[in-house]
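Novice: Chain by chain, the residues:
Number of protein chains: 2
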Amino acid sequence: MILTDHTIYQELAQKNDHKIVLLVMDGLGGLPMRPNGLTELETAYTPNLDRLAREGSSGRAVPVRPGITPGSGPAHLSLFSFDPVRYEIGRGVLEALGIGFELGPDDLAARGNFATVDEDGRIVDRRAGRIPTEECVRLTQKLQEHTSLAQEGVQVFVRPVKEHRFVVVFRGPGLGGELTETDPLVTGKPPLPVRDLSGTPEGARTAALVNQWIEQARRVLADEPRANSLNLRGIAKDPGLPHLQDIYQLRAAAIAVYPMYKGVAKLVGMTVIDFEGDRPQHQVAALKKVWDAYDFFFIHIKKTDSYGEDGNFEAKVHEIEAVDAVIPDILALNPSVLIVTGDHSTPARLRSHSYHPVPTLFWGPQVMPDSVTTFGERASEGGALGLFHATEIIPWAMGYADRLKRFGA
Amino acid sequence: MILTDHTIYQELAQKNDHKIVLLVMDGLGGLPMRPNGLTELETAYTPNLDRLAREGSSGRAVPVRPGITPGSGPAHLSLFSFDPVRYEIGRGVLEALGIGFELGPDDLAARGNFATVDEDGRIVDRRAGRIPTEECVRLTQKLQEHTSLAQEGVQVFVRPVKEHRFVVVFRGPGLGGELTETDPLVTGKPPLPVRDLSGTPEGARTAALVNQWIEQARRVLADEPRANSLNLRGIAKDPGLPHLQDIYQLRAAAIAVYPMYKGVAKLVGMTVIDFEGDRPQHQVAALKKVWDAYDFFFIHIKKTDSYGEDGNFEAKVHEIEAVDAVIPDILALNPSVLIVTGDHSTPARLRSHSYHPVPTLFWGPQVMPDSVTTFGERASEGGALGLFHATEIIPWAMGYADRLKRFGA
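Line order of the protein sequences matches chains A and B. Heads up: the first sequence is residues 1 to 409, going by the working numbering. Heads up: the second sequence is residues 1 to 409, going by the working numbering.
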């Protein structure tokens, strides 16, 4: 495994009309439920994916480092060729970008969770009973109206995301530092104050401002039945990543349903495509519409991961089959490279993300048809790509798409 | 292959009650003795190891770098997740730790070899005819009594190891530098003086002191029939490595017979377990006794390497079979992860350590049962772990043992 360094690709990248499709089934990798059993992907009836495996090259991707289970943000950064250990992105930044909030250089973003606390201020429910999204909209409007840091020269934007989740953005000069989260991650304890770990005057001031806002916000929420408190997590600024266009000369489009994934895609310069519907066929219809305008297409399928986290093996199998069914429509567009992978494994058996390498296939006219004949965790073990770091995916695709000039004479 | 960097693991490590066993057969990897032949491991009847391979994941470990044959010290450092190219440890330090000599920050340790020289001072036998250990004890006592650097403010400790091997430790402020060895590695030449390569005043003084002691020692030994001279090798201080407890939050125990391996284990903070006997079953009995008190267990089997170095293919096969026989007793303890590997290859055909990747298997409830069904050099080629750097072993085990928190949201 080699961690991708962008410098050499930036030097060699060239434009042409070859299209690259990166189809990501979130949490794709699985485990057998019992000894001698099959994984979700091995169980699914996937004649189209199997054809791609037969005609292309397979391997398995390590998202972060051996043994390390990634969150969705780092896992996607890695797919986009950014080593997540080197490029750490705050959750607040991802959520803000995900709802279409354009972050500027003076903006500090946090992911907010409405919570329920008891009369002593101890957390009873970290998700405020997963209040409906309409409720979230009303509460964020209430906070927007009745909280302010204007006296400190800081603008505040409070925006709903989904259910108990919202985003708060603080805009003003000199915000920064390395800020801790307020969520103690367990019930029975009060929320924590935000602290600054950077030791800079900037960080100390920012922590004080954020704590001041939280105090106001909790007063505003005090009379709410469920969402009578809140926590802030991943309080950070946009790290200003280089864009795929700048590194690879790729005009990139993201076809995703969930905010988080749109957020990471924007971070590396992708255009987020709006479309109707939330099923794989709707995503492929959107792909068809924008096919001529872009070079690189990131399609994100969320439900494979959700079903894995629910421990629902059968539903995950069906979702993989639903994705298999749209493969012919993608092939009809004549991509030069089609990659099918996941951002990490989410075995239904473990009901959570895991560190297991992710089965991955590359298909296209220049891809070596290796000895692998089906798409699956174990089938891909013997594949031409071996065990590789996920940051290698775009580099290989660039090669298969003839988008890299020769290195040296 | 990724070289393990401890920083990320230190951040993510968490405690639980899952146990990890690292079973190391020294010099495990082999070669066929003839075309179309089998290796030692492939020849051995190993129903238990084959079961582990069938139920777990296999791969092959590269100890140092492609093509590089390691000594035992570096090879074990690598198994313990320390890149031996980055962390160089003097042989003297390893030997001193191996005999239970506690090295302090003012201590400079050297491995000593008694040698036979002719009347012109040329080495006739670099091992003084492998004198018996009792003889070694007498000679080191003689040196302890009749040599001294007290006038220079330096204490000297001379301790026996085994046969012609001993340890000398120089204790005093300001010792250091980068010191060369005295052993010319061939007979027919006189021993070399110690030189300092660091160019520091400290190094120059230390080289002079060590040479002064060597001169005294050779005078004391002059009337001995066989051990009438000596050589010093690996003259160095304890590098102060981080401990497994600090990096991985693992309470680690070493169950080894030979001093060298106890020494490396101590260097990374393992507790060396005392026990009766020197066979695999005695080691597993010791494992059982200390099972509750530790999280990580390093079991070191020496004889696979010794037989390899002797060119004794059959004896190496039998030793592997003896290890296979104790596997059920290890499994009876319910480890969460069992790793079976070697520190390097020692093919009987080559009669020496070699650079060939080492067959390695991981077994445990969270380990993917890959397509490999027996334990062997060639069987493991198709395994889920691929060809990896040995420093990845503990990281993967940490994942399989649920001992790493999720990385990022």
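Read the hints as simulated data drawn from the structure, not as lab findings. Backbone N, C-alpha and C define an ideal beta-carbon position, used for all residues, glycine too. Just so you know, not all the hints are guaranteed correct.
Unchecked claim - Here are the simulated lysine-lysine pairs, DSS-like style, with alpha carbons at most 27 Å apart: (1) B:K15 to A:K189; (2) B:K405 to A:K237; (3) A:K162 to A:K189.
Stated by the list, open to error - Have a look at the derived ranges for each label pair, beta carbon to beta carbon: (4) B:D292 to A:P239: 57 to 65 Å; (5) A:T7 to B:M33: 43 to 51 Å; (6) B:A322 to A:V124: 37 to 45 Å; (7) B:L192 to A:S371: 52 to 60 Å; (8) B:M33 to A:D402: 43 to 51 Å; (9) B:N16 to A:E88: 21 to 29 Å; (10) A:P242 to B:A322: 42 to 50 Å; (11) A:I2 to B:N16: 30 to 38 Å; (12) B:E276 to A:T7: 52 to 60 Å; (13) B:Q14 to A:V290: 41 to 49 Å; (14) B:A322 to A:P239: 50 to 58 Å.
Said to hold, decoys possible - Listed next, the stretches of chain A that the computed footprint assigns to chain B, with coverage defined by at least 3 CB atoms under 8 Å from CB atoms of chain B: (15) 24-35; (16) 83-97; (17) 351-365; (18) 376-383; (19) 386-397.
Novice: Does each hint fit the structure? Answer for all of them.
Specialist: Now for the hints, and whether the structure bears them out:
1. B:K15 to A:K189: holds (21 Å)
2. B:K405 to A:K237: holds (24 Å)
3. A:K162 to A:K189: Roughly 25 Å separates the two Cα atoms, so the pair holds.
4. B:D292 to A:P239: 57 to 65 Å: violated (45 Å)
5. A:T7 to B:M33: 43 to 51 Å: Taking Cβ atoms as reference, A:T7 and B:M33 lie about 48 Å apart, which means the hint holds.
6. B:A322 to A:V124: 37 to 45 Å: violated (59 Å)
7. B:L192 to A:S371: 52 to 60 Å: Check passed, 55 Å falls within 52 to 60 Å.
8. B:M33 to A:D402: 43 to 51 Å: Holds: the Cβ-Cβ distance is about 48 Å, inside 43 to 51 Å.
9. B:N16 to A:E88: 21 to 29 Å: holds (25 Å)
10. A:P242 to B:A322: 42 to 50 Å: Between A:P242 and B:A322, where Cβ atoms are some 57 Å apart, the hint is violated.
11. A:I2 to B:N16: 30 to 38 Å: Taking Cβ atoms as reference, A:I2 and B:N16 lie about 32 Å apart, which means the hint holds.
12. B:E276 to A:T7: 52 to 60 Å: holds (59 Å)
13. B:Q14 to A:V290: 41 to 49 Å: holds (44 Å)
14. B:A322 to A:P239: 50 to 58 Å: holds (55 Å)
15. 24-35: Our answer is that it holds, as 3 residues pass the Cβ test (under 8 Å) against chain B, meeting three.
16. 83-97: holds (count 6)
17. 351-365: Satisfied; 5 residues make the cut.
18. 376-383: Per the Cβ count (4), the hint holds.
19. 386-397: With 3 residues closer than 8 Å to chain B, the segment 386-397 of chain A meets the three-residue bar; holds.
Going through the hint list in order, the structure does not satisfy hints 4, 6 and 10.
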